[in-house]
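S.K.: Chains as they are written, first to last, in this note's numbering: chain A, 2 to 566; chain B, 5 to 406.
Calculated from the structure, these hints are not laboratory results. Fair warning: there could be bad hints in the mix.
[Said to hold, decoys possible] Lysine-lysine pairs mimicking DSS-like chemistry, simulated, CA-CA at most 25 angstroms apart:
{"hint": "1", "chain 1": "B", "residue 1": "Lys205", "chain 2": "B", "residue 2": "Lys231"}
{"hint": "2", "chain 1": "A", "residue 1": "Lys242", "chain 2": "B", "residue 2": "Lys362"}
{"hint": "3", "chain 1": "A", "residue 1": "Lys194", "chain 2": "B", "residue 2": "Lys404"}
{"hint": "4", "chain 1": "B", "residue 1": "Lys72", "chain 2": "A", "residue 2": "Lys242"}
{"hint": "5", "chain 1": "A", "residue 1": "Lys539", "chain 2": "B", "residue 2": "Lys205"}
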Amino acid sequence: MTRIPVLAELDSYLESMIESMTQSMKMKLRLPAIARGGWLLTMLLVTTLVSGQVEPATAAEPAAEPAVDQKIATAIGIDGARHLLGRTIFGAPLDQLQHYSSQTREEAVDSLLETLTTSAVTPLPSWASLTPSKIQQQRGKTAESRKAFQKSMRRWQGELRGWWARELISTPSPLTERLVLMWHGHFTSEMTKVRSAPAMLKQNQMFRQLCSGDFRQLLHRVAVDPAMAIYLDTRRSTREKPNENFARELLELYGLGEGNYSETDIQEAARAFTGYRIDNRTGELRRIRRRHDASEKTVLGVTGSLTATEVVDAVLAQPACAEWISRRFWIEFISPTPDVKVLKQWAQALQQEQWSLRALLRITLLSEAFWSEQNHGSLVKSPVDLVVGTIRSLKLEKAPAGQALRTLSRLGQQLFDPPNVAGWPGGHQWIDATTLLGRRLFLTAEIHNLAILNQLQQLPETDLRPPTNDPESEPEMMNPKDSPEMKGRRELPRRIKARERRRFMPQVLRELEQLWQSLGDTADARSLRLQQWLLPFKPVGTVVQRGSIRDRFGSVLLDPTYQLK
Amino acid sequence: MKFDRRAFLRLGGAACLPLLVPGVRTWAIDEETATTAALGDRVLILVELQGGNDGLNTVIPFRDERYKKLRPKIAVADSHVMDLGNHLGMNDAMATLGESWEAGDACWILGLGYPQPNRSHFRSIEIWETGSDSDENLTDGWLGRLIGSAAGDPTRAADGIVLGGGDSGPLHGDSTRIIHLNDPIQFTRQARAVPDIAHGKDARKALEHLLEVQADIKRSARVIEEKRAKAPALGVQFPQSKFGKRCEIAASLVTSGVPCPLIKLSHGGFDTHTDQLRRHPQLLTDLATGLAALRTALIASGDWDRVLISTYSEFGRRANENGSEGTDHGTAAPHLLLGGRVKGGLAGAQPDLGTLEKNDLVFTTDYRRLYATIEQQWFQLPANPLISRGARPLPVLREKAL
Numbered sequence: 002m003t004r005i006p007v008l009a010e011l012d013s014y015l016e017s018m019i020e021s022m023t024q025s026m027k028m029k030l031r032l033p034a035i036a037r038g039g040w041l042l043t044m045l046l047v048t049t050l051v052s053g054q055v056e057p058a059t060a061a062e063p064a065a066e067p068a069v070d071q072k073i074a075t076a077i078g079i080d081g082a083r084h085l086l087g088r089t090i091f092g093a094p095l096d097q098l099q100h101y102s103s104q105t106r107e108e109a110v111d112s113l114l115e116t117l118t119t120s121a122v123t124p125l126p127s128w129a130s131l132t133p134s135k136i137q138q139q140r141g142k143t144a145e146s147r148k149a150f151q152k153s154m155r156r157w158q159g160e161l162r163g164w165w166a167r168e169l170i171s172t173p174s175p176l177t178e179r180l181v182l183m184w185h186g187h188f189t190s191e192m193t194k195v196r197s198a199p200a201m202l203k204q205n206q207m208f209r210q211l212c213s214g215d216f217r218q219l220l221h222r223v224a225v226d227p228a229m230a231i232y233l234d235t236r237r238s239t240r241e242k243p244n245e246n247f248a249r250e251l252l253e254l255y256g257l258g259e260g261n262y263s264e265t266d267i268q269e270a271a272r273a274f275t276g277y278r279i280d281n282r283t284g285e286l287r288r289i290r291r292r293h294d295a296s297e298k299t300v301l302g303v304t305g306s307l308t309a310t311e312v313v314d315a316v317l318a319q320p321a322c323a324e325w326i327s328r329r330f331w332i333e334f335i336s337p338t339p340d341v342k343v344l345k346q347w348a349q350a351l352q353q354e355q356w357s358l359r360a361l362l363r364i365t366l367l368s369e370a371f372w373s374e375q376n377h378g379s380l381v382k383s384p385v386d387l388v389v390g391t392i393r394s395l396k397l398e399k400a401p402a403g404q405a406l407r408t409l410s411r412l413g414q415q416l417f418d419p420p421n422v423a424g425w426p427g428g429h430q431w432i433d434a435t436t437l438l439g440r441r442l443f444l445t446a447e448i449h450n451l452a453i454l455n456q457l458q459q460l461p462e463t464d465l466r467p468p469t470n471d472p473e474s475e476p477e478m479m480n481p482k483d484s485p486e487m488k489g490r491r492e493l494p495r496r497i498k499a500r501e502r503r504r505f506m507p508q509v510l511r512e513l514e515q516l517w518q519s520l521g522d523t524a525d526a527r528s529l530r531l532q533q534w535l536l537p538f539k540p541v542g543t544v545v546q547r548g549s550i551r552d553r554f555g556s557v558l559l560d561p562t563y564q565l566k
Numbered sequence: 005m006k007f008d009r010r011a012f013l014r015l016g017g018a019a020c021l022p023l024l025v026p027g028v029r030t031w032a033i034d035e036e037t038a039t040t041a042a043l044g045d046r047v048l049i050l051v052e053l054q055g056g057n058d059g060l061n062t063v064i065p066f067r068d069e070r071y072k073k074l075r076p077k078i079a080v081a082d083s084h085v086m087d088l089g090n091h092l093g094m095n096d097a098m099a100t101l102g103e104s105w106e107a108g109d110a111c112w113i114l115g116l117g118y119p120q121p122n123r124s125h126f127r128s129i130e131i132w133e134t135g136s137d138s139d140e141n142l143t144d145g146w147l148g149r150l151i152g153s154a155a156g157d158p159t160r161a162a163d164g165i166v167l168g169g170g171d172s173g174p175l176h177g178d179s180t181r182i183i184h185l186n187d188p189i190q191f192t193r194q195a196r197a198v199p200d201i202a203h204g205k206d207a208r209k210a211l212e213h214l215l216e217v218q219a220d221i222k223r224s225a226r227v228i229e230e231k232r233a234k235a236p237a238l239g240v241q242f243p244q245s246k247f248g249k250r251c252e253i254a255a256s257l258v259t260s261g262v263p264c265p266l267i268k269l270s271h272g273g274f275d276t277h278t279d280q281l282r283r284h285p286q287l288l289t290d291l292a293t294g295l296a297a298l299r300t301a302l303i304a305s306g307d308w309d310r311v312l313i314s315t316y317s318e319f320g321r322r323a324n325e326n327g328s329e330g331t332d333h334g335t336a337a338p339h340l341l342l343g344g345r346v347k348g349g350l351a352g353a354q355p356d357l358g359t360l361e362k363n364d365l366v367f368t369t370d371y372r373r374l375y376a377t378i379e380q381q382w383f384q385l386p387a388n389p390l391i392s393r394g395a396r397p398l399p400v401l402r403e404k405a406l
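The following block holds chain A by itself, in its conformation from the complex (with noise of 0.2 angstroms):
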């Protein structure tokens, strides 16, 4: 969706007129830049941006650059690996990040490709076995019965979310949640409209076997997704009245981008996903012959009495598809503004490869662009980068997930929820007031919380269980109540007791002290390090080398460059 400035296409003297008032008034004219036709002035301009008229990032840099070929022959060093594992792992410890800096660009792409996996580690929660018949059953028919399935439903929603995050904490396979939750946003369902933990989770799962595989084997089963069904409606569209709302968002997020379909399009396009119910029995999406409108349709170009399988098919064939899923794996993972020129070139590379996520993901991190310098730190970290990433970075991962999940919700990034149906808009809207503040708390008191329970939980069970008449160590219960699920998993979140602080935190400061050490061995070199393993360039503010341990490493995290990967 990020669109480039470009100049307007200058058809008269009047219209030029127009342009340097525009320009003068500091109003930029956009345009979506290949819809308009104006695409070659666009390349011009963000070549011109790229081969670097912009000051680099960091003007430090050494000014004779080494030829290419050479450069990609060498070890990507720890700057290298901090921007790799940044991007795509949600950063890493330190001993990790070492491990990748000795590798060449290919070698790092390579082995970091070589953890993709399309299934999930943590154990799922109780009900995810339950069969979808099971399910209509306890649903029930009285207004009793399905009051308490909504209840029960509520507490397998906060379960979902927790479950989730645990994966994302624990995984010894980042680079395949990465994916998942890019798919989350570019296919996005609402848990708050879908309500049903189950589709949700399924949805989930797809997302995961499919993250790294055949992008049109994933965007037919987005088509016939349940949870997706009942986000945009199709359960409901019938032959007589189609609702518009999946065959519209199929076109304009999904598949294609705006300026690539018409109005026409989308109203013949929602006439063949009528009909479509899903089945109680098996929670699948069916057509149902009777409801689905079978008369002839044109979308895209293609006429015939098309089915959702028939749409889709249309929507990629068309060559606008493959380069829209290009822009979003570079907005994911190089920059704000993508260069068309090289969309181009990606979305035919996509399509030789058999439309290979992993063919498209290796080409994005490869590229010139992904390792150029000035898109060092040219993206703001989201809240799950910002929190899973630093509690993977500080192996604070024993800390109960549903602590993080509760931060990444006041952060703007709470799981299986994105605002609308364009998932979450991410870059510079990820920080405004609010969420900078909420952002230095997390690296102030949360972080002391996270790593005191990270201590805390690596006690053995008859250690921890507080006195229940002790108000105090109550857990703070998130919605929902009494997850039975969490608590025995010690997933939710909650109070420290001063006794507790008392007791865990001079561990916590010295195995922080104990790092600070082994970083090198003068002030000077620990510091140092510390900054190229957390920062993607120079810190801004001011950075503690002597005063005591909590602000050595608190000014580093505090540095508003900790915000950007």
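Let chain A serve as the given structure and place chain B on it in line with the hints.
M.R.: Quick look at chain B alone, frame taken from chain A:
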């Protein structure tokens, strides 16, 4: 009104001449002074109805037979309509605004829209927010442009405050200073811990943005804290809905005299594709009770005459219902103005249910007439072709307060 793009281009072309001629700068400077002076202490509170509010079930042509034919399942029953005259009525889910209607400080502007309507949420809200034509892409919000050279006045807490989520939309501009906040007390407390870091233009755009936000936090918090310390309590009960709480914060900002000309609130959930008879009245009730409490608080504090409240939304909804007891994305819709200087009643014209275009209402009033009204009559700025685009103001404000 028919809006002529060519006419605008000529107008704009002429207006920019002084800027192009070296030495003729006075015009621009005058403009700047005029903006600062004229905004004065007036406040505009924008309420975004996110998702596209169904205008036909808000201000209802209940005497029109065709209305019930178009909506056999979801037409609002006559018993739930408050007569506004002119064969129109207000959904009685908004009954709490009846007092305002009676007092004559509420105005419905009917049939707002634009030619070649776009039915995408994102594109159409962008059109409304930037004030553009349907086929034109502008970056800055229309209010960002309105505030233009007067942006960043250091005596203000901010140029705009966005309450409770949502983006800055119409307030967005290259130089406008916008802050987002949920709770002013928490905000000022946390802001104290933020260090002052010098910042300026930076090729690293993401970093530049971060540092700007950080500096804005410091500055805004200082002003808000100072003003609120001296302010008396509101003394009005606000509804506990999300929107009600946002209204309460807006009231506290205005009554404590926090200097900020633009406030934006959002109210979400209007994308009623399904189950509309249950969902829509609840949304309207939340809207009305929140605004009614806001009105009461501002009247009590004596600020009502310097506040104008205006709703907006990306579009109205399809005239006929869909198969899921809801409505799909549509076009024109009515919007509500409230304030001590509002001339109560109906303005504009109700779109005719007999001349639908693909089942959609045809707009009667270009939405930029609302913007022209706010620009020229509310903020008393000279007509700027980049903002009101040559549209005429609507006769909906009084010279003097009631």
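S.K.: Next, verify each hint and record whether it holds.
M.R.: Hints and how they fare:
1. Lys205/B - Lys231/B: Judged against 25 angstroms, a Cα distance of about 31 angstroms means the pair is violated.
2. Lys242/A - Lys362/B: Judged against 25 angstroms, a Cα distance of about 14 angstroms means the pair holds.
3. Lys194/A - Lys404/B: violated (47 angstroms)
4. Lys72/B - Lys242/A: holds (17 angstroms)
5. Lys539/A - Lys205/B: holds (16 angstroms)
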